[in-house]
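The primary structure of each chain is shown beneath.
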Amino acid sequence: MSRRLTANLVVGLILFSFYATSYSALLQQRSEVSLTSSSSSGIWNLPPVALLALAGEFKGLMADYLTLEVGAQLGTELVRNPAGGFRVVRKHYDWPGIHRLFVASQTLDPSFAQTYIVAQGWLPWKPADMVAKTQEILKIATKNRDWDWQPAHAMGFNAYYFLKQPGEAGKIFLEAAKTPNAPPFLTILGARLAQKGGETEAAIIIMKSMLADKNSEEPGYTDMIERLLALEGVLVIEQAANSYEKARGRKPSSLTELTASGLLAALPPNPYNLDYCLDTAGVIYFDKPDCQASIPDRSSR
Amino acid sequence: MPVRNIWFLALATCTEGIRHRALWAIVCLAVLLTMANLGVTTLYTWDLGKVSVEFGLSSVAFTGLLLVFFLGMKILADDLERSRIFMLLSRPVSIWQYLTGKFLGLVMILLLATIILGLSAALSMHYVLWQYPAYVPPNFSWVTYIMALACQWLSLVVVLAVSVLCFSFASQPFVALLLAVSTYLVGQNMELLRRVVTENAHAGALTGQENLVLALSWIFPNLSLFDKKYAAAYGMAFSGQEFMLLCLYGISYSALLIYFATLLFRRKELA
Amino acid sequence: MTVPALEITGLSKGFGSGRKKNQVLTNLSLTITQGEVFGFLGPNGAGKSTTIKLLLHFLKPDSGSLRILGKTVGQEEFRHRIGYLSEFPFFYDHLTARETLRLSGRLSGMERQALDQRIPILLERMTLTEAADRRVGGFSKGMKQRLGMANALIHDPEVLIFDEPMSGLDPVGRHQIKGLIAELKQEGKTIFFSSHILSDIEALCDRIGVINKGVLLYSGGLRDFLVAGCGLEESFVRVIEEANHACA
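Chains as they are written, first to last, in this note's numbering: chain A, 14 to 314; chain B, 10 to 280; chain C, 100 to 347.
In short, the hints are calculated from the structure, not lab data. As the structure is a prediction and not an experimental result, all values here were calculated from the model. Check before you lean on any hint, since a few could be wrong.
Unchecked claim - Selected chain B positions facing chain C (in silico; Cβ < 10 Å):
| id | residue |
| --- | --- |
| 1 | W16 |
| 2 | L20 |
| 3 | T24 |
| 4 | H29 |
| 5 | D88 |
| 6 | S92 |
| 7 | F95 |
| 8 | L98 |
| 9 | P101 |
| 10 | V102 |
| 11 | R204 |
| 12 | R276 |
| 13 | L279 |
Glycine included, each C-beta is placed from N, C-alpha and C at the ideal position.
Please model the complete structure; the sequences and the hints are all you need to start from.
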């Protein structure tokens with residue numbers, strides 16, 4: 014082997030060793046960095062204006078990238094077993110950082126479905142427990158996806174399940190039902206929850222406005238009519254019960270007492286052919302056959 | 010005669026650009042990027058249609074910018090640095106014919122690149138939308154996509170006009186490039202700047218400077234108006250009237266810049 | 100009385116400003132009649148190329164006037180009547196020789212049919228026929244120079260302005276260009292060319308101009324310039340040295 018070739022090889026080997034040593038040391042140092050720092054540094058921590066300015070005409074692309082970043086941060090962490098294979102490590106999530114990622118993605122593209130769907134899948138639940146912040150994300154998604162009923166549906170779910178506000182949930186569902194191609198169940202469910210949460214009058218108004226735009230051949234029309242009649246019946250009874258309470262200083266103990274008092278001539282017809290129920294908590298139902306005490310939640314009032 | 014000269018210069022510039030290896034390297038890279046669209050969309054679970062459309066249009070935008078800032082400015086700078094311009098200006102060709110011809114030639118190159126990349130993106134998009142019909146945005150329209158592509162091209166034409174203007178007065182091509190890139194960044198954020206100043210009471214040094222920002226929005230190109238990726242991605246309404254107005258704005262602004270470039274270039278010492 | 104081919108009056112040009120101003124030309128005046136071959140000599144940096152660029156309006160003079168065939172440079176159009184060959188001809192690398200000539204011809208107002216006839220003749224004359232459809236980027240220096248010559252002649256101009264036409268050519272190339280200039284002279288063309296290769300000047304020119312540091316030292320017949328008993332080179336060197344001593 015010639016001298017020049019040997020010299021070249023030696024120099025190349027030295028340079029390569031230097032490169033390999035420095036790079037593996039760098040990788041070693043990076044893997045020792047704790048996970049909490051991974052979401053505290055990144056462009057998603059920039060103020061919204063700065064983020065929008067940085068993205069320029071590539072806002073959508075950057076929003077797409079940020080949702081991938083969310084996925085990486087929420088993903089499972091696998092650690093190699095010395096004996097072979099992998100084991101799942103209990104990951105510590107930086108929820109405020111992850112929330113900032115969602116907000117950043119939504120700032121850049123408020124209409125992106127992946128953002129709100131993944132946010133709904135993680136943030137309102139424990140251990141994140143960020144219901145109010147999730148509602149903000151869903152509100153923006155609702156506003157910017159006027160063809161999509163699902164963000165509002167998720168909002169309504171959170172209002173009912175986490176915030177224990179059936180009335181509010183009902184109103185949200187009824188608003189969501191106005192979205193084109195929204196499934197009919199939203200109206201029915203929304204009406205029930207609104208009434209349950211003491212928003213009977215609001216539910217009736219919203220349903221009437223929705224029915225005005227529908228024709229009788231549309232699917233779900235009959236169901237909506239029936240639910241409207243049921244709510245109107247409930248409203249009549251509620252108004253009579255309120256008058257009774259004002260006059261006698263207590264709620265009526267039964268519907269019979271109410272009709273007997275003269276404040277309600279007769280019970281309105283129930284489109285479901287069931288008896289109206291006035292339970293011991295004073296809540297009126299159009300379809301509660303056992304008619305026992307409910308767990309009233311008028312917290313929306 | 011002036012129109013003839015402009016046409017011949019434009020054709021020569023376009024031919025020169027098309028045969029440039031750099032152009033085809035950039036276009037090949039971009040085609041690969043748009044094909045990568047197919048892989049990128051599989052990383053998402055929802056709104057695959059929007060990801061695909063946006064990725065495709067962003068590839069066109071990115072490639073177009075590379076063409077304007079590198080190939081376009083190289084072609085212009087080479088004319089001066091390598092004294093090729095003498096071959097042309099020793100003929101009965103005026104400065105404005107020369108600049109307009111070069112500009113139109115580069116516009117033709119951009120148009121060709123946009124068509125190739127737009128088709129490539131459309132192919133990958135079509136596949137994704139066909140593969141995942143449930144994720145096609147409800148009002149998605151190929152017409153909107155084509156209009157968004159046209160707006161993207163117009164945006165690049167405006168940036169090119171800015172580059173020609175910067176080239177006409179800058180002492181060095183690198184300075185011209187920096188100025189053009191800076192103008193592009195300002196132009197992309199013009200609407201954001203306007204909103205920040207008019208809607209935000211705490212806009213730092215720009216608080217209360219609505220008139221200044223308004224003046225700036227007239228001087229710098231409002232490139233964010235041409236950004237219709239969002240509309241194409243979500244099938245948002247995009248009226249023909251708005252499209253026509255954008256075309257008029259883009260053409261008139263570019264024509265004005267080329268006019269100023271001519272006035273400045275006339276004062277330049279060419280040797 | 101025929102209009103002079105080139106008329107330069109009181110031409111001055113400087114670059115930069117203030118203390119850093121570099122005065123390249125000072126009060127240059129020159130007249131070239133139609134049909135003559137005029138050699139413009141000077142050492143490197145004398146101002147020859149600057150004079151030519153001012154003639155072609157690539158630069159603007161600080162003072163003075165220039166007229167070509169009676170047309171004032173910068174105010175009236177004259178470029179369809181002149182052909183220019185620069186010292187280092189640069190072309191669009193990706194156009195072929197044929198396309199380059201076609202572009203130049205069309206820009207000079209020639210019609211397609213006229214070009215279709217003229218291009219092959221010129222390519223033949225410049226021995227570029229074989230390379231007609233090759234891209235100019237692959238041409239040698241000599242080939243580019245010959246293409247530049249063809250480019251200058253494509254529209255059959257009356258006045259030809261060459262800036263160091265033999266620069267960088269091998270002896271064969273130089274011989275070819277010299278032969279071409281002689282032919283053009285026979286055709287009655289006016290040729291103004293700058294050079295510092297004195298043997299070429301001696302062989303071709305009717306009159307010469309000698310410039311040094313932006314000042315015209317001599318303008319007139321070649322024979323009248325020669326110092327008694329000396330060749331052109333010796334006479335030239337003597338004139339330049341005298342001028343440099345006078346400035347010192």
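We went through each hint and held it up to the structure:
no., hint, in the structure
1, W16, "9 Å, holds"
2, L20, "8 Å, holds"
3, T24, "6 Å, holds"
4, H29, "6 Å, holds"
5, D88, "9 Å, holds"
6, S92, "5 Å, holds"
7, F95, "5 Å, holds"
8, L98, "7 Å, holds"
9, P101, "5 Å, holds"
10, V102, "5 Å, holds"
11, R204, "45 Å, violated"
12, R276, "9 Å, holds"
13, L279, "4 Å, holds"
Taken one by one, the earlier hints fail for this structure only at number 11.
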